[in-house]
Structures are given as C-alpha cells and as structure tokens.
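What follows is each chain in one-letter form.
There are 2 protein chains.
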Amino acid sequence: MEPEHHPDQLIKHHRHTRELLNQISTLLEKQSLVTGLVERQEMPQHQLVSFLVQRQQANHLRQQINHFHPADIAMALESLPKEQRNQLWDLIDTGHLGAVLIELSDPVRESLLHDMGRDQLMRAAWQLESDELADLLPQLPSHIIPDLLASLEHEDREQVKTAAAFPPDSVGALMDFDILSVRIDNTLDVVLRFLRRRGSIPEDSAVLMVVDRSGYLKGTLSLESILVNDGETRVEELMNSKPIAFHTDDSLQQTANAFERYNLITAPVINAHGQLLGCLNVEAVLEYIHKESKKDILAQAGLREEEDIFAPVWRSGRNRWPWLALNLCIAFIASRIIGQFEDTITQVVALAALLPITANIGGNAGNQAMALVIRSLALHQLNRSNFSHLLIKELMIGVMNGLLWGSIMGLATWILYDRFDLALIMVSAMVVTLVVAALTGVLIPVALKQAGQDPVLGSSILISGITDTFGFLIFLGLAASII
Amino acid sequence: MEPEHHPDQLIKHHRHTRELLNQISTLLEKQSLVTGLVERQEMPQHQLVSFLVQRQQANHLRQQINHFHPADIAMALESLPKEQRNQLWDLIDTGHLGAVLIELSDPVRESLLHDMGRDQLMRAAWQLESDELADLLPQLPSHIIPDLLASLEHEDREQVKTAAAFPPDSVGALMDFDILSVRIDNTLDVVLRFLRRRGSIPEDSAVLMVVDRSGYLKGTLSLESILVNDGETRVEELMNSKPIAFHTDDSLQQTANAFERYNLITAPVINAHGQLLGCLNVEAVLEYIHKESKKDILAQAGLREEEDIFAPVWRSGRNRWPWLALNLCIAFIASRIIGQFEDTITQVVALAALLPITANIGGNAGNQAMALVIRSLALHQLNRSNFSHLLIKELMIGVMNGLLWGSIMGLATWILYDRFDLALIMVSAMVVTLVVAALTGVLIPVALKQAGQDPVLGSSILISGITDTFGFLIFLGLAASII
Chain A
5 MEPEHHPDQL IKHHRHTREL LNQISTLLEK QSLVTGLVER QEMPQHQLVS FLVQRQQANH
65 LRQQINHFHP ADIAMALESL PKEQRNQLWD LIDTGHLGAV LIELSDPVRE SLLHDMGRDQ
125 LMRAAWQLES DELADLLPQL PSHIIPDLLA SLEHEDREQV KTAAAFPPDS VGALMDFDIL
185 SVRIDNTLDV VLRFLRRRGS IPEDSAVLMV VDRSGYLKGT LSLESILVND GETRVEELMN
245 SKPIAFHTDD SLQQTANAFE RYNLITAPVI NAHGQLLGCL NVEAVLEYIH KESKKDILAQ
305 AGLREEEDIF APVWRSGRNR WPWLALNLCI AFIASRIIGQ FEDTITQVVA LAALLPITAN
365 IGGNAGNQAM ALVIRSLALH QLNRSNFSHL LIKELMIGVM NGLLWGSIMG LATWILYDRF
425 DLALIMVSAM VVTLVVAALT GVLIPVALKQ AGQDPVLGSS ILISGITDTF GFLIFLGLAA
485 SII
Chain B
5 MEPEHHPDQL IKHHRHTREL LNQISTLLEK QSLVTGLVER QEMPQHQLVS FLVQRQQANH
65 LRQQINHFHP ADIAMALESL PKEQRNQLWD LIDTGHLGAV LIELSDPVRE SLLHDMGRDQ
125 LMRAAWQLES DELADLLPQL PSHIIPDLLA SLEHEDREQV KTAAAFPPDS VGALMDFDIL
185 SVRIDNTLDV VLRFLRRRGS IPEDSAVLMV VDRSGYLKGT LSLESILVND GETRVEELMN
245 SKPIAFHTDD SLQQTANAFE RYNLITAPVI NAHGQLLGCL NVEAVLEYIH KESKKDILAQ
305 AGLREEEDIF APVWRSGRNR WPWLALNLCI AFIASRIIGQ FEDTITQVVA LAALLPITAN
365 IGGNAGNQAM ALVIRSLALH QLNRSNFSHL LIKELMIGVM NGLLWGSIMG LATWILYDRF
425 DLALIMVSAM VVTLVVAALT GVLIPVALKQ AGQDPVLGSS ILISGITDTF GFLIFLGLAA
485 SII
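Keeping their order, the protein sequence lines are chains A and B. Every position in the first sequence, counted from 1, becomes a number in this note's numbering once 4 is added. Every position in the second sequence, counted from 1, becomes a number in this note's numbering once 4 is added.
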C-alpha cells in the first residue's frame, strides 16, 4: 500500500491498444499540422523558426514511435489509411525496419516494400534472421534478390536458400537455424564453461540440443537440469532421450496442435535420417496460429487471402468476384427451379411469400451442422468409424427440429391463410428441408476435406446455395402435387 | 545413412492421429470380443482359460493405453461414441484420470464426471494443480466439493478458492500459483545454491521472478542469464526490470495477443498493488487459444457452446433452438413483406422466380464484408478514426459489384423473359441490395462489439436475415413502382 512500493518501473503490457493507436494518430496529426504551416508559408516571417520547430517536432515524434515494440508499430501501420501509413513508415529508424516488416501482414508488407528504395531494402533485409529473410524473399523486387543473397555470408546464404525451399505451411519454413547443441558425452561443468564462454543462449530456448559426433539428435537438455544438478553429472544421464521432434516437411497445422497437446516450448527439427537441422520455438508457432486465426471466417465467405483493409476499392472488389460468381450461378439455378412452378404460383400466390421460409431456415440448420463438423474435423474427432454415427444423429436432429418448427410455422400459415393444405405443405417441406440441410452440412465439409481442400473454404456459400435450391424444389414440388 | 545412427529412441510426435485412434479402436474391439465370448459362454468348456485370456488381454490393453499421453487419451475419448468412451475410460489408471480430465472438452468431461464414483472423483481431483482443480470445480457434483476442499492442505485450498473466484476468461483463472521467486539483492551464487537445494524449477518456467522483501515484483531473471554470467553478479544487475506483467482481471483474449506480440514464455501476474501472485505460462495460453479456435464458426451459426458430437439427439437438437427461432422470426417478417406485394406478383409471376437472386447474393456480399470487419476487430486494426474510411470503401465496393453482377443478371433476365423493365429492376435492385449488404456487414459486428457482445455470435444469421428482408423489399418495391 505504501506508494514507494508501487512498481513504477514496470511497463504494463498495452492492454489498451486503442490508446496506443490514438497516441500515434495524434502524433501524426501534430506533425502534419506543422508541416502544413511551413509548406503553406502561413508564417513567412517566422519561416526559419517554424522550420526549426518542425524539425524538433519530427525528431520528438520519431523518438517516441521508435520506442514502441516493433509488433505495436506493425499493428499501427495496419490500421492506418495509405497516406498516414507511409508517413508513419518514414519515421521508423532504418534499424527497426526489418523487425517491423516481419510483423506485418502480407498485403500491408507488400504495399510498403513496393515503395522502398534499394538501399533501404537491403539494410532492412540484413537485420533479419535466415528464416525471416526467406519468408520475405518472395515479396522482394526480383532485381535486388541476387545482390542481396550475394551480400550475405556463405552460411547465412545457404540457410536462406534452404528455408525458402520449404513450402510456407511446413515446419521447415518456420524453423530456427540458430541452435545450441552439446555433445552427449560431456559433463555439466563442460557445458557450463562452454555457455559462459559463449556468453548467450539463442533467444527463448528452453532446452539445449544433445547430439552425437555425427550431428544425430540424441535428446534435449533443459536449462533447468543444468541449474539444479551437480557439475560432475554427464549430459546423457540428465537429458530427455525421447524428445518430440519434427521433420521439416511436417504440416504447421498439426505441429501447432502437437505444441498445444504436449506443452512444448522448443522442439528439435530433424531430417529423415535423424540429423539435427534446427529447432522450432513456441513463439513461431503462436505467430503462425495468430496469422491463421479468423482466416476461417474469411474462407467461409469465399475470401481465401487476408486483405489489407485499406487496399484500393478496385482490388478489394475484385477479390470477392470468384465466389460471388459461383453464388450467382447457384442462385440462378434456384431461380429456374421456381420458374418451373410458375403455374402453381399463379394459382396460389401465397406460395411466393411462404417460399423463402423453409429455404432460409434450412440454410441456418445446415450451417449449424456444418460448423460442428468443421470443428470436429479440425480437432481430429471425426473419423471413418464414427462418421455414420454422427450423420445419423444429425439426420435425427433434422427430423426432430423439422417437426417442431414446421408445426409452429404450419400453424402460423393456417391462421394466416386459413388453408389447411398450405399448413400441411409447410410442415412436410420443413422436415424434408431440414433433413437435406443436415445431410449437406455433414457431407460438404467432409467431401472438401477428402478432396484435399480446406473444409471451410466457401462452405457457407455452398450450403446456403444448396439448401435454397432444394428448399424451393421441395416446397413447390409438394405444393404442385397437393394443391 | 548408417542404420545404427537412426534415432530409434526418438518418439516422433503422433502426426497420424488417425492411426492412434484406429489402434485404440482395434484394442477396444478385441477386448469386447473376448468379453463377449466369455459372457455368452460360447466356450463353456474353456471358461476358466478364456477368463484368464480375457484378464490378460485387458491388462495388455490397459498397459498400452496408459502409455499414451493424457492429451491423446482425451482426444480418443472425445472421438468415441458413448459406450466405447465409457469402456476406454474404465481402462485408464486412476493415477492418470486427473491429467486426462483436464485435457477434455467441457461437455465430454461433464458426461464422464457424471458417471464417476465419489472415491474415484476425489482421487482424480487430488492429482490436479490448484488452477486446474478450480477449473474443474463447477462441474463436480456439489455434494463432494466441501469434502474435497477439506481434504486439501490449507495453502492449496486457499489457492483453489482464489482461482475459482476469477471469471473463466480472465488471467486469474489460468494463473499458475507455483512460482519460484528470488530476492533482488541476492547474487547468482546464492540463487544457484538455492536452486540446487530445491532440486527443481516449476515446469516450463523460462524465468525466475524477482521480488523485494515485501513480495512486490521487481523484475524477472531468465535461466539463461544465471547460466552464462559470473556467480558474483547480483540479480539486480541481470534482471529484466521492465517485464510485461498481467493483472488477474486482464482478459485472456488480449493476454493471448500480448503473448504472441511480445514473444512471451512466462509472464508474472500481479495484483493492483504490484504484488506478485503467480505466473502465466505460454502453454496455458496455447491451450486457451486451442479451445477458442473454431468457436467462431460455431458462434456464427448461433451455437455458443462447444458440443459433444456424441451427445444425445434431444440435447443437441435443443442447443440449436434459440437461433433457429430467431431465424424463423426474421424469415417470417421477410415472408410478410413478400405477402404485401401479392398483387404485383399475380401480375408478373416471373417476379417470384427472380426474387431470391438479389437477396441471396446480398447475403453473400454482406458475409464477405462482415468477415473482414470481424477479422479487423479481432486484430485491433479497426478504430474510431479509420471506421468511416472502411465503411465508405465497402459501400463503393457494393456499388461497383452491384453494377457489374447486376448487369450480368439483368442481361440474363432480358434474354430469358424478353422484358426490358424486368432487366432494369434487376440491375437497380442488385446495386441497392449490395449497398445495404455492405452497410449491414460493417455495422452489425461493430454494433455487437460496441454493445459488449461477441461480434461473431449469430452474425451469419442476422446478416442473411436482414439482407433477405431488404432484398425482397427493394426488389418488389421497385417492381411495384415500375411495372
């Protein structure tokens, strides 16, 4: 409670990201204001003075902004419209550009790289680790890549080439080459002397890698065990001889699951022969998960790539075409189905009003079943042996909910139109539509997955298209045969 | 390349989860078969023999299954239908039950807890850490809780009570009480002696906490710095004096973002006065993220809670009612709107067939805009200052895509029905509907967020409901005034 105990020296993490953004916004506005005054020469008599003020302000702003964490600067860049974004970018110290670039989302990074000069690009690239540089490489202007690679040391160049050769969703692409390995036959005293001479351990490593003379992975040694055990002990006695290791071609999705499941912090990465190539750290995994998060919601609506929210209208608009086009095709088919029943509708025009109800609720029920299936697929809960069990269950739910909500809507129809036949059509159509919706909701994501596709991609469009089409067909087909 | 170098002793992580499940399934089937034979007494003459065989098989099975990682057993339990699930559960050693329970999803855990006896429950609970037990507490049968708490040591009991008092989505609920703190004025030699005497460090801690005499957090000391520095050095000189610390009431969502952004492994948790209470580890954060993942897809379809895919039909079906009901209400309103235009439809029955097209594509376009907004909200890219910029951009995309796809559909309508007025209605309705869809897609998630709600919850139902309703109104309204 005494004020002198308050931890004033602790930086609280930025809980209020909004505050941070507002701060940067205000700083940028101040800067524009002063620049504007000088450029418009509204104070010509004080020109020199205001110029100096401007310089001072810019320096102050620069200092403040470069004090932020690169990840925070990246977030600020992503939330600024183009003009302010470039303004902020120009204020970042060249020494920080690399760190900020690596934190940016692809589309924003691309737009900023596009405007950078050759020298600035080279200097930014030199600040990166091999795996980070490999990640950046495809977005760099092709004419600077040979020079950039030539400017690296031999070992680094080879690492960049190796990392760039791995597919972007594989462990190899995120692997850290900077590992510290010790020999299996050393004692802790030898290891400790080695560490003190080296003066540092690769950032955030929780374990040292244990190898034999030929570089084959033999186990991992936690920093803890070096600290709490006697110096005479040999590495072999203390190491974890059965560490969970990954291959360079393992999928990151499954690797991320393994990190969560087995509580990993640092895991060795080996080649097919068991030789140690590098390691994978939990931060890299977290960053991967973060980049993947919310992609599902985009994918469901048929947007495969992340989008810069400040990309030009034309580019963003075009991004949405492929699935809009598919959507339109399905809607056109649904429309033609209604067209086949024009005679029936002319007889009972109330059908036109009742028509969308079953289709609409079918789309929703299908979405619900599909959401559960997509989740079960992602969590590996669904497999060949329990698939039919799940399908039957969803079909039964379809019948149950169809009878319940169909009866309610049937009653409403009866009251509204005073026609029992319409009410009967409503109940029957609802049950059949909800069964079709359940079937579609289970089968579409499973079929997409079987075909090697992302089960989420475009799924909400497909499901609403199919339930609409079948919903109309069932409702009008029943109507035509009963009325 | 030489075979003797192959790392046979390395356990590769289970890349093929399916294999693992198949293995367990086969084991369970074998077990049932033997049990069946004995129970049905089809080999009465060998009864004793087969009984022994069965015992042996069961023991073998038990051994194999208890060899798996608790997280893998949990996953297997989640993917088995009720009967097999209980069969597998009975085979798990009492000593592992706690570890497996804590890895299970809520609904599956609940169903298993329901069938456990009092003694078994107590023994499983004793295996858990305070924060884990607090997590389990709300699901335990209320009559055993007092006894369970009474059976704990005083310190543990207080910790469980403390942890249980925090809201489930706060840092306090995931906080680890088991921390190792050292005093700011110690030397590394003193710290090292202390660690050796203690013999262990809390699992997966990357740092030790540094406190003053009154327990106020002063910094963190990485294990690395203890290893690579001279024993005479004082903790104060080496510690990170500005660690990123969290408060017990910080939201886990934002804390997870901070862990990703600042590459944290272990972070101190403090109270409002800066006193050290515990720590938060990256594994707990990863587990939280994993549990949250794919929840969005459920939430979008109006399913707030995760669901046991093998829950009874009745219970699963009921889970889906609230949003189906809302959906039905909206669909009913949309239907009444069409009802108002029955005269117009009687005049030109083609309208009934063309009606769903604009509404349908509006729903899709609205979903696309909404997906981007939800993602931007989650990544904190959207704020007061850039909101109008985004809204205007989306409206412009609506106009652009409305004109493009509206013209295509208009042309199709003209060719199909040979009526220019219908084509004109189609183009105009498409533009207006896509603008309304963009407006809804941006405003709904932002409004939900402003109201303190999850911007994802039910969003796909709301958006399709609103675009349907407006789509019908716009299309038929235009038709009524033009025809």
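Incorrect hints may appear among the rest.
Said to hold, decoys possible - Footprint (simulated), chain A over chain B, 3 or more residues, beta carbon under 8 Å:
no., segment
1, 71-78
2, 118-125
3, 286-296
4, 311-324
5, 329-342
6, 368-380
For the record, the hints were derived by calculation from the structure and aren't laboratory data. Predicted model, so just to flag it, every value in this text is computed and none were measured. No residue lacks a Cβ here, since even glycine has one placed at the ideal position from N, Cα and C.
Checked hints:
Closer than 8 Å: that is the beta-carbon criterion, and the segment 71-78 of chain B has 3 residues meeting it against chain A, so the requirement of 3 holds. Chain A is given as covering the segment 118-125 of chain B, and this is violated because 0 residues of the stretch bring a CB closer than 8 Å to a CB of that chain, at least three being needed. Counting residues of the segment 286-296 of chain B whose C-beta sits closer than 8 Å to any C-beta of chain A gives 7, which meets the bar of three, so the coverage hint holds. With 8 residues carrying a beta carbon less than 8 Å from a beta carbon of chain A, the segment 311-324 of chain B meets the three-residue requirement, and the given coverage holds.
For a cut-off of 8 Å, the count of residues in the segment 329-342 of chain B with a CB near a CB of chain A stands at 10, and the three-residue condition holds. Chain A is given as covering the segment 368-380 of chain B, and this holds because 10 residues of the stretch bring a CB closer than 8 Å to a CB of that chain, at least three being needed.
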